[in-house]
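Listed below are the residues making up each chain.
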Amino acid sequence: MSIFNFFRATPRASAVQAKERLQIVMAHERAGRSGPDYLPMLQQELLAVIAKYVNIDENKVEVKLDRGGDCSTLEVNIELPAREQAKAAAAAKATEKPAGNDVGAAKRPAGGAVGNGGAKKRI
Amino acid sequence: MSKIIVMTSGKGGVGKTTSSAAFATGLALRGFKTVVIDFDVGLRNLDLVMGCERRVVFDFINVINGEAKLNQALIKDKRIENLYILPTSQTRDKDALTREGVEKVLNELSKDFDYILCDSPAGIERGALMSLYFADHAIIVTNPEVSSVRDSDRILGVLNSRSRRAEQGLEPVTQQLLLTRYDPERVEKGEMLKVDDVLEILAIPLLGVIPESQAVLRASNVGMPVILDEVSNAGLAYSDAVGRFLGEDIEHRFVTPQKKGLFSRLLRRSA
Numbered sequence: 698m699s700i701f702n703f704f705r706a707t708p709r710a711s712a713v714q715a716k717e718r719l720q721i722v723m724a725h726e727r728a729g730r731s732g733p734d735y736l737p738m739l740q741q742e743l744l745a746v747i748a749k750y751v752n753i754d755e756n757k758v759e760v761k762l763d764r765g766g767d768c769s770t771l772e773v774n775i776e777l778p779a780r781e782q783a784k785a786a787a788a789a790k791a792t793e794k795p796a797g798n799d800v801g802a803a804k805r806p807a808g809g810a811v812g813n814g815g816a817k818k819r820i
Numbered sequence: 004m005s006k007i008i009v010m011t012s013g014k015g016g017v018g019k020t021t022s023s024a025a026f027a028t029g030l031a032l033r034g035f036k037t038v039v040i041d042f043d044v045g046l047r048n049l050d051l052v053m054g055c056e057r058r059v060v061f062d063f064i065n066v067i068n069g070e071a072k073l074n075q076a077l078i079k080d081k082r083i084e085n086l087y088i089l090p091t092s093q094t095r096d097k098d099a100l101t102r103e104g105v106e107k108v109l110n111e112l113s114k115d116f117d118y119i120l121c122d123s124p125a126g127i128e129r130g131a132l133m134s135l136y137f138a139d140h141a142i143i144v145t146n147p148e149v150s151s152v153r154d155s156d157r158i159l160g161v162l163n164s165r166s167r168r169a170e171q172g173l174e175p176v177t178q179q180l181l182l183t184r185y186d187p188e189r190v191e192k193g194e195m196l197k198v199d200d201v202l203e204i205l206a207i208p209l210l211g212v213i214p215e216s217q218a219v220l221r222a223s224n225v226g227m228p229v230i231l232d233e234v235s236n237a238g239l240a241y242s243d244a245v246g247r248f249l250g251e252d253i254e255h256r257f258v259t260p261q262k263k264g265l266f267s268r269l270l271r272r273s274a
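From first to last, the protein sequence lines stand for chains A and B. When the letters of the first sequence are read in order and numbered with this note's numbering, they come out as residues 698 to 820. When the letters of the second sequence are read in order and numbered with this note's numbering, they come out as residues 4 to 274.
Honestly, the hints are just simulated from the structure, not real lab data. Check before you lean on any hint, since a few could be wrong.
Here are the computed lysine to aspartate or glutamate pairs in the DMTMM-like style, where the Cα-Cα straight-line distance is at most 20 Å [said to hold, decoys possible]:
| no. | chain 1 | residue 1 | chain 2 | residue 2 |
| --- | --- | --- | --- | --- |
| 1 | B | Lys72 | A | Glu717 |
| 2 | B | Lys114 | B | Glu84 |
| 3 | B | Lys79 | A | Glu742 |
| 4 | B | Lys107 | A | Asp763 |
| 5 | B | Lys79 | A | Asp763 |
| 6 | A | Lys757 | B | Glu111 |
| 7 | B | Lys79 | A | Glu772 |
| 8 | B | Lys81 | A | Glu755 |
| 9 | B | Lys72 | B | Glu128 |
| 10 | B | Lys72 | A | Glu759 |
| 11 | B | Lys6 | B | Glu106 |
| 12 | B | Lys81 | A | Glu776 |
| 13 | B | Lys262 | A | Asp763 |
| 14 | A | Lys761 | B | Glu84 |
| 15 | B | Lys72 | A | Asp767 |
| 16 | B | Lys81 | A | Glu742 |
| 17 | A | Lys757 | B | Asp139 |
| 18 | B | Lys72 | A | Glu776 |
| 19 | B | Lys107 | B | Asp139 |
| 20 | B | Lys107 | A | Glu742 |
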């Protein structure tokens with residue numbers, strides 16, 4: 698048996714991948730168990746702050762999260778409406794799409810710190 | 004108008020989530036825009052089986068509670084066009100599922116999707132009831148084993164009395180059997196219930212027989228629906244079942260023991 702195994706090319710056993718995936722997802726879950734689910738609140742507060750200055754469409758807010766072993770990234774994309782003048786111009790030129798100023802992208806490490814002894818900053 | 008399918012069984016551990024992931028992927032592969040929803044609040048696992056666990060931001064319960072928009076909670080599959088996952092909450096409990104909330108989300112999804120597949124939790128409590136209430140079609144996942152068959156019969160009773168279609172006196176929910184973890188060799192030895200035995204007892208049409216296969220564990224290890232393993236018997240059997248669901252006439256495979264060559268017999272004996 699061992700001779701067969703020796704010659705078999707195993708790129709990465711699926712069980713190894715299973716263990717790694719579990720370790721990552723469970724580290725995050727255990728870390729988050731004590732506190733409340735902060736993402737909905739974070740989103741609401743962020744939106745409230747931005748809404749003080751610009752009118753934003755709640756449907757044009759995109760929140761992405763990628764949980765990693767050492768570091769997670771939280772990405773918030775808020776599409777800002779074109780200015781009033783630009784809007785009028787865009788309305789006149791129906792073919793031209795009102796430029797969605799994609800200024801809101803912000804990356805920061807999230808979560809990761811607790812399970813893994815310090816998050817690296819990726820920025 | 005989309006069709007709502009519930010993958011249910013009564014008993015736990017028979018392969019509902021594996022089957023939901025495979026079936027949703029199969030429908031999307033055939034060009035239907037499909038979303039698969041995890042109804043197992045507090046014990047979510049569909050995200051792991053689909054391999055998107057690192058990308059969950061908002062969930063089904065956030066959408067029901069108005070804490071996030073539906074399109075923020077939907078996760079687009081990275082491999083397959085037309086396939087979306089709606090994960091559930093890992094921290095809340097099943098009471099978060101209200102009938103009105105579920106209905107609102109399903110109505111919104113049905114504007115966009117061809118198929119909505121609801122992955123039911125085990126049991127006949129709130130989560131399971133909510134997952135089957137709005138269904139047009141039910142796929143009953145059953146193992147050829149006494150407790151699983153009995154529990155499947157129980158859930159068929161629930162479908163016939165407590166679904167929306169039953170309560171409103173509409174055309175009943177269609178019911179089809181998906182027999183999983185089937186081992187033809189043990190059946191031949193008389194150690195396992197035959198397909199026909201199960202069909203005789205449950206008396207519903209057969210959608211497919213998924214053979215016991217090592218590919219299922221391998222696929223879940225890496226977060227890939229097993230239907231994408233196109234060389235495995237289980238993957239092929241799921242693909243056939245999806246075809247049958249869509250009305251194709253496909254013969255059942257993998258229901259009799261596969262003939263073994265001399266070489267594999269010798270190897271097996273020595274192993």
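For each hint, the structure was consulted:
1. Lys72/B / Glu717/A: Outside the cut-off at roughly 31 Å; violated.
2. Lys114/B / Glu84/B: holds, 18 Å
3. Lys79/B / Glu742/A: Answer violated: Lys79/B to Glu742/A is near 26 Å, above 20 Å.
4. Lys107/B / Asp763/A: The hint is violated at about 28 Å.
5. Lys79/B / Asp763/A: holds, 14 Å
6. Lys757/A / Glu111/B: Distance ~17 Å between Lys757/A and Glu111/B Cα, so the pair holds.
7. Lys79/B / Glu772/A: holds, 16 Å
8. Lys81/B / Glu755/A: violated, 25 Å
9. Lys72/B / Glu128/B: Cα-Cα ~27 Å, so violated.
10. Lys72/B / Glu759/A: Distance ~10 Å between Lys72/B and Glu759/A Cα, so the pair holds.
11. Lys6/B / Glu106/B: holds, 14 Å
12. Lys81/B / Glu776/A: violated, 23 Å
13. Lys262/B / Asp763/A: violated, 47 Å
14. Lys761/A / Glu84/B: holds, 19 Å
15. Lys72/B / Asp767/A: Given that 20 Å is the threshold and the Cα spacing comes to 29 Å, the pair is violated.
16. Lys81/B / Glu742/A: It is violated: about 30 Å lies between the C-alpha atoms, which goes past 20 Å.
17. Lys757/A / Asp139/B: Given pair Lys757/A, Asp139/B is violated - Cα atoms ~33 Å apart, limit 20 Å.
18. Lys72/B / Glu776/A: holds, 15 Å
19. Lys107/B / Asp139/B: holds, 16 Å
20. Lys107/B / Glu742/A: violated, 25 Å
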